[in-house]
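S.K.: So the chains spell out like this:
Protein chains: 2
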Amino acid sequence: MNMSNEHDTKKRIVIIGLGVGGLYAAKSAMNADRTAEITIIEKRDYDMFSACGLPFAIEGIVPSFDALKFSVPGHLKRLKKLLYHELTSIDINKRSVSVKNITTAGSFDIEFNALIVATGAEPVILPVPGAREFIGKGIHFVTNPENSKELFEHAKKARSAVVVGGGGIGLEVAIALKAMGLDVTVTKRSPPVLPRTLDPDMGQPIEDHLNERGIRTLFGKSLEAINGSEHVESITIEGEVIKTDIVVMSAGVQADMKLAQAAGIECSKNGVVTNNRLETSVKDIYAIGDCIETFHLINSKPCVMRLATSAYQQGIIAGINAAGGNAKYHGALNTFVSKIGKLEISAVGFNSKIAEEFGYEVSGTKVKAPNKPEYMPNHKDITVKILADKKTGRILGGQAIGEEGAAWRVNMISLAIRAGMDISALNRAELAYSPPVSEVYDVLSMATEFAKRRLGRNKNS
Amino acid sequence: MNMSNEHDTKKRIVIIGLGVGGLYAAKSAMNADRTAEITIIEKRDYDMFSACGLPFAIEGIVPSFDALKFSVPGHLKRLKKLLYHELTSIDINKRSVSVKNITTAGSFDIEFNALIVATGAEPVILPVPGAREFIGKGIHFVTNPENSKELFEHAKKARSAVVVGGGGIGLEVAIALKAMGLDVTVTKRSPPVLPRTLDPDMGQPIEDHLNERGIRTLFGKSLEAINGSEHVESITIEGEVIKTDIVVMSAGVQADMKLAQAAGIECSKNGVVTNNRLETSVKDIYAIGDCIETFHLINSKPCVMRLATSAYQQGIIAGINAAGGNAKYHGALNTFVSKIGKLEISAVGFNSKIAEEFGYEVSGTKVKAPNKPEYMPNHKDITVKILADKKTGRILGGQAIGEEGAAWRVNMISLAIRAGMDISALNRAELAYSPPVSEVYDVLSMATEFAKRRLGRNKNS
Numbered sequence: 001m002n003m004s005n006e007h008d009t010k011k012r013i014v015i016i017g018l019g020v021g022g023l024y025a026a027k028s029a030m031n032a033d034r035t036a037e038i039t040i041i042e043k044r045d046y047d048m049f050s051a052c053g054l055p056f057a058i059e060g061i062v063p064s065f066d067a068l069k070f071s072v073p074g075h076l077k078r079l080k081k082l083l084y085h086e087l088t089s090i091d092i093n094k095r096s097v098s099v100k101n102i103t104t105a106g107s108f109d110i111e112f113n114a115l116i117v118a119t120g121a122e123p124v125i126l127p128v129p130g131a132r133e134f135i136g137k138g139i140h141f142v143t144n145p146e147n148s149k150e151l152f153e154h155a156k157k158a159r160s161a162v163v164v165g166g167g168g169i170g171l172e173v174a175i176a177l178k179a180m181g182l183d184v185t186v187t188k189r190s191p192p193v194l195p196r197t198l199d200p201d202m203g204q205p206i207e208d209h210l211n212e213r214g215i216r217t218l219f220g221k222s223l224e225a226i227n228g229s230e231h232v233e234s235i236t237i238e239g240e241v242i243k244t245d246i247v248v249m250s251a252g253v254q255a256d257m258k259l260a261q262a263a264g265i266e267c268s269k270n271g272v273v274t275n276n277r278l279e280t281s282v283k284d285i286y287a288i289g290d291c292i293e294t295f296h297l298i299n300s301k302p303c304v305m306r307l308a309t310s311a312y313q314q315g316i317i318a319g320i321n322a323a324g325g326n327a328k329y330h331g332a333l334n335t336f337v338s339k340i341g342k343l344e345i346s347a348v349g350f351n352s353k354i355a356e357e358f359g360y361e362v363s364g365t366k367v368k369a370p371n372k373p374e375y376m377p378n379h380k381d382i383t384v385k386i387l388a389d390k391k392t393g394r395i396l397g398g399q400a401i402g403e404e405g406a407a408w409r410v411n412m413i414s415l416a417i418r419a420g421m422d423i424s425a426l427n428r429a430e431l432a433y434s435p436p437v438s439e440v441y442d443v444l445s446m447a448t449e450f451a452k453r454r455l456g457r458n459k460n461s
Numbered sequence: 462m463n464m465s466n467e468h469d470t471k472k473r474i475v476i477i478g479l480g481v482g483g484l485y486a487a488k489s490a491m492n493a494d495r496t497a498e499i500t501i502i503e504k505r506d507y508d509m510f511s512a513c514g515l516p517f518a519i520e521g522i523v524p525s526f527d528a529l530k531f532s533v534p535g536h537l538k539r540l541k542k543l544l545y546h547e548l549t550s551i552d553i554n555k556r557s558v559s560v561k562n563i564t565t566a567g568s569f570d571i572e573f574n575a576l577i578v579a580t581g582a583e584p585v586i587l588p589v590p591g592a593r594e595f596i597g598k599g600i601h602f603v604t605n606p607e608n609s610k611e612l613f614e615h616a617k618k619a620r621s622a623v624v625v626g627g628g629g630i631g632l633e634v635a636i637a638l639k640a641m642g643l644d645v646t647v648t649k650r651s652p653p654v655l656p657r658t659l660d661p662d663m664g665q666p667i668e669d670h671l672n673e674r675g676i677r678t679l680f681g682k683s684l685e686a687i688n689g690s691e692h693v694e695s696i697t698i699e700g701e702v703i704k705t706d707i708v709v710m711s712a713g714v715q716a717d718m719k720l721a722q723a724a725g726i727e728c729s730k731n732g733v734v735t736n737n738r739l740e741t742s743v744k745d746i747y748a749i750g751d752c753i754e755t756f757h758l759i760n761s762k763p764c765v766m767r768l769a770t771s772a773y774q775q776g777i778i779a780g781i782n783a784a785g786g787n788a789k790y791h792g793a794l795n796t797f798v799s800k801i802g803k804l805e806i807s808a809v810g811f812n813s814k815i816a817e818e819f820g821y822e823v824s825g826t827k828v829k830a831p832n833k834p835e836y837m838p839n840h841k842d843i844t845v846k847i848l849a850d851k852k853t854g855r856i857l858g859g860q861a862i863g864e865e866g867a868a869w870r871v872n873m874i875s876l877a878i879r880a881g882m883d884i885s886a887l888n889r890a891e892l893a894y895s896p897p898v899s900e901v902y903d904v905l906s907m908a909t910e911f912a913k914r915r916l917g918r919n920k921n922s
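Quick mapping for you: the protein sequence lines, in order, are chains Y and F. Each residue of the first sequence is one higher than the one before, starting from 1 at the first, in our numbering. Each residue of the second sequence is one higher than the one before, starting from 462 at the first, in our numbering.
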């Protein structure tokens with residue numbers, strides 16, 4: 001099959017990978033060019049799934065792993081899906097990709113006018129003895145419904161688990177396995193919780209909450225080995241041997257950029273390099289989502305942001321551009337939320353450490369207050385921390401933690417950063433108030449008011 | 462008592478009325494001037510209460526009416542509170558106010574360097590037969606804990622009630638009385654729900670929900686009379702006589718500006734006139750909250766906004782200015798939320814009708830979507846409607862309705878309007894995603910995306 005001679009007047013856009021980024025790229029391209037032929041190549045034999053939902057299926061909050069699967073929306077009829085097909089190479093000169101049909105093992109080429117690389121990321125396998133050997137023999141990953149279900153089935157029969165890695169997913173999985181009745185330990189190399197996202201004082205309540213739930217936390221400890229004969233039997237962490245039936249590898253991901261690299265598309269160590277149109281070093285080849293290195297909205301420095309949020313936004317931009325438009329990506333802000341046990345933890349922008357690494361003098365203001373009036377039943381405390389540049393008052397980041405409403409305070413900060421607002425401008429936000437929903441003087445307003453005063457910006461407004 | 466010779470070097474700031482506005486004015490003035498003497502004059506014999514909580518105390522969600530009362534924060538020690546004292550006049554030439562001690566009936570004057578008028582608003586009494594006669598004899602108001610408790614006690618023994626007026630408080634009270642087991646009718650003169658706040662299509666679900674709860678709605682009908690012998694026995698609405706034990710008067714409020722007017726301070730028919738420093742026509746006399754006419758942030762036109770949200774913001778500004786600062790108020794946006802039964806209904810800026818009255822050509826986009834992935838239990842639909850100016854893409858307003866999360870979508874729109882964002886800029890908001898908290902592609906992002914397309918702004922971004 002060679003599609004090159006069909007429909008010569010129509011633009012051919014090929015998208016590699018049907019994740020959130022690929023889906024929104026397809027939608028956006030179809031919307032921008034009503035005649036374009038769009039083809040998505042995807043290894044899986046089904047459309048899509050929600051990766052962020054996996055821990056909640058293990059916990060039983062989501063009724064089944066199949067419930068996380070979903071189909072490409074029905075209105076995308078012009079979209080050709082090549083499921084159970086694998087990309088084998090990209091030819092940037094011939095402007096074509098080679099694709100293998102996994103069922104038949106047959107290969108064919110597809111020519112493109114524009115290509116969107118959305119190959120995602122792969123889990124990191126730590127370079128310690130046993131880490132590769134015991135995959136499928138007690139070592140599990142939580143990256144798709146199939147491997148998550150394997151973990152779930154194993155966990156039903158197991159007594160203990162160690163989660164290696166303390167990212168959002170790892171901590172959510174630890175909570176889930178504990179809820180299943182296992183003895184759970186979480187171990188990670190850096191001492192603070194989510195060190196690239198939270199300040200240590202904002203991360204501590206998460207560690208405390210894990211401990212309250214009876215989860216052992218070994219943070220700031222290096223994994224040395226995974227031990228066993230046929231199956232995992234224990235792990236060694238800084239000399240201590242901990243018996244365990246299960247090891248969940250959740251030590252981060254790395255961009256899947258092998259084929260882009262092989263094709264001569266520029267890649268950094270973090271991912272495929274893209275400009276603000278999300279175009280790679282090769283004209284008409286775009287890249288989005290977990291496989292790219294993007295740039296930060298605040299200071300335009302390269303960064304990786306492997307969140308569905310940025311993937312769909314990048315997909316929309318790349319889709320427009322692949323269809324011949326000229327949309328600009330304004331940069332990522334790393335707007336993050338995770339629900340770890342009862343705690344909703346959210347953050348945006350730089351944390352104090354990263355802001356300081358970039359040379360900012362950081363003024364941090366932290367306030368804790370109820371999300372609703374104290375006379376309302378079920379009011380919950382939220383702690384908001386806002387970071388500003390001492391020199392300009394510009395907002396650099398925000399973090400929030402509480403049982404509900406943390407993410408929306410952070411979303412407001414995210415929008416304020418995007419608008420280039422300083423602390424005083426965000427402080428003027430007029431928020432809706434009604435006792436069953438909110439407080440008159442929201443914790444976000446308090447935080448910005450106190451931050452303003454700290455910055456000496458309270459005389460005028 | 463005459464305070465004029467005491468502490469001559471210290472600034473004397475007098476605040477009339479201890480509501481949300483007065484409290485934040487006091488806090489703000491004390492913070493801006495560490496030596497100022499601040500006096501608040503308040504008719505009540507206790508500090509404060511939450512007016513917006515009253516319907517929820519009637520419904521029994523708040524455990525008691527006393528729970529709604531609260532004290533001025535302890536750190537405001539420099540603040541002199543003259544509780545159970547009533548303002549009798551303002552002398553703008555002598556720069557003093559006359560005050561009556563309600564307990565002793567004695568009067569005295571207080572000189573001021575700066576005065577902040579925060580006298581609030583009074584309920585409207587409709588000019589129909591019986592409306593004044595039966596006050597205390599079946600006609601009730603819900604404006605303070607005392608009169609709300611009277612309604613509550615009466616309702617416990619009554620079978621039926623008519624709420625006159627369809628504002629947020631009126632509808633919340635209707636829900637509360639229905640929950641108490643009464644037959645409830647709500648009547649209001651204008652046909653749509655919240656016609657100055659919502660578009661008719663966004664208000665309709667509220668009327669439907671009231672009917673689902675068994676509340677009769679007579680919207681677009683004029684009250685003609687309240688009838689009875691000793692007590693209320695019925696009302697007449699466009700010829701129909703409806704038997705009722707209780708009438709709740711909730712037909713709006715009017716600025717309490719009698720004393721400001723008598724003192725020669727400029728007032729419009731809507732309230733005390735203020736500039737963008739919240740100063741009245743008289744130098745060093747400020748006015749805030751429900752008693753003023755303010756201006757709209759979008760088009761700087763005069764408007765009234767009688768919400769606690771604007772009162773506290775105005776209080777902060779007036780407090781700074783009364784203390785000698787130069788803070789500017791940027792205008793009100795009318796960010797509103799009410800919880801009517803299970804529905805959270807929120808809005809900001811202009812609705813379509815008002816925007817058109819102001820000469821805008823309005824492009825409205827409405828989207829309904831779940832607040833969380835559909836595989837999560839307890840996901841709830843939210844409908845978001847966003848209004849933009851067809852010519853410029855500027856955001857003019859937003860409305861949202863759903864069982865939870867409506868207010869925060871509207872808060873985002875509120876901040877975007879404040880930042881002067883157009884639809885495309887708000888569409889670039891990067892929102893936090895995790896299945897227990899939110900969707901990848903939030904209903905707000907959908908609404909702005911569709912609005913962008915409708916405005917032909919989708920080719921570039």
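These aren't lab readings, by the way, just hints derived from the structure by calculation. Incorrect hints may have been included.
[What the hints assert, rightly or not] Simulated pairs of lysine-lysine, DSBU-like, Cα-Cα distance not exceeding 30 Å: (1) Lys530/F with Lys368/Y; (2) Lys391/Y with Lys789/F; (3) Lys81/Y with Lys639/F; (4) Lys827/F with Lys368/Y; (5) Lys80/Y with Lys538/F; (6) Lys368/Y with Lys639/F; (7) Lys803/F with Lys77/Y; (8) Lys366/Y with Lys789/F; (9) Lys803/F with Lys530/F; (10) Lys368/Y with Lys538/F; (11) Lys380/Y with Lys538/F; (12) Lys380/Y with Lys639/F; (13) Lys69/Y with Lys829/F; (14) Lys77/Y with Lys829/F; (15) Lys390/Y with Lys789/F; (16) Lys366/Y with Lys639/F; (17) Lys368/Y with Lys829/F.
S.K.: Within 30 Å, alpha carbon to alpha carbon, are Lys80/Y and Lys538/F?
M.R.: 71 Å, violated
S.K.: Are Lys81/Y and Lys639/F close enough, with their CA atoms no more than 30 Å apart?
M.R.: Roughly 54 Å separates the two Cα atoms, so the pair is violated.
S.K.: So if I understand the rule, the pair passes when the alpha-carbon distance is 30 Å or less; does Lys366/Y with Lys639/F pass?
M.R.: 42 Å, violated
S.K.: Keeping to a limit of 30 Å between CA atoms, is the pair of Lys368/Y and Lys538/F held or broken?
M.R.: 22 Å, holds
S.K.: Given the hint that Lys530/F pairs with Lys368/Y, does the C-alpha gap stay at or below 30 Å?
M.R.: Holds - the C-alpha atoms of Lys368/Y and Lys530/F are around 22 Å apart, at most 30 Å.
S.K.: Taking 30 Å as the top limit, are the C-alpha atoms of Lys368/Y and Lys829/F close enough?
M.R.: The hint is violated at about 33 Å.
S.K.: Just to be careful, I want the Cα atoms of Lys380/Y and Lys538/F compared with a cutoff of 30 Å; is the pair within it?
M.R.: 28 Å, holds
S.K.: Would you check the hint for Lys391/Y and Lys789/F, treating anything up to 30 Å between C-alpha atoms as holding?
M.R.: 22 Å, holds
S.K.: Given the proposed pairing of Lys368/Y with Lys639/F, does the C-alpha separation stay at or below 30 Å?
M.R.: 36 Å, violated
S.K.: Tell me if the straight-line CA distance from Lys390/Y to Lys789/F falls inside 30 Å.
M.R.: Within the cut-off at roughly 22 Å; holds.
S.K.: Holds or violated: are the alpha carbons of Lys69/Y and Lys829/F at most 30 Å from each other?
M.R.: 22 Å, holds
S.K.: Does Lys829/F lie within 30 Å of Lys77/Y when you go C-alpha to C-alpha?
M.R.: Distance of about 22 Å is within 30 Å: holds.
Against the hints set out earlier in the document, violations occur for numbers 3, 4, 5, 6, 7, 16 and 17.
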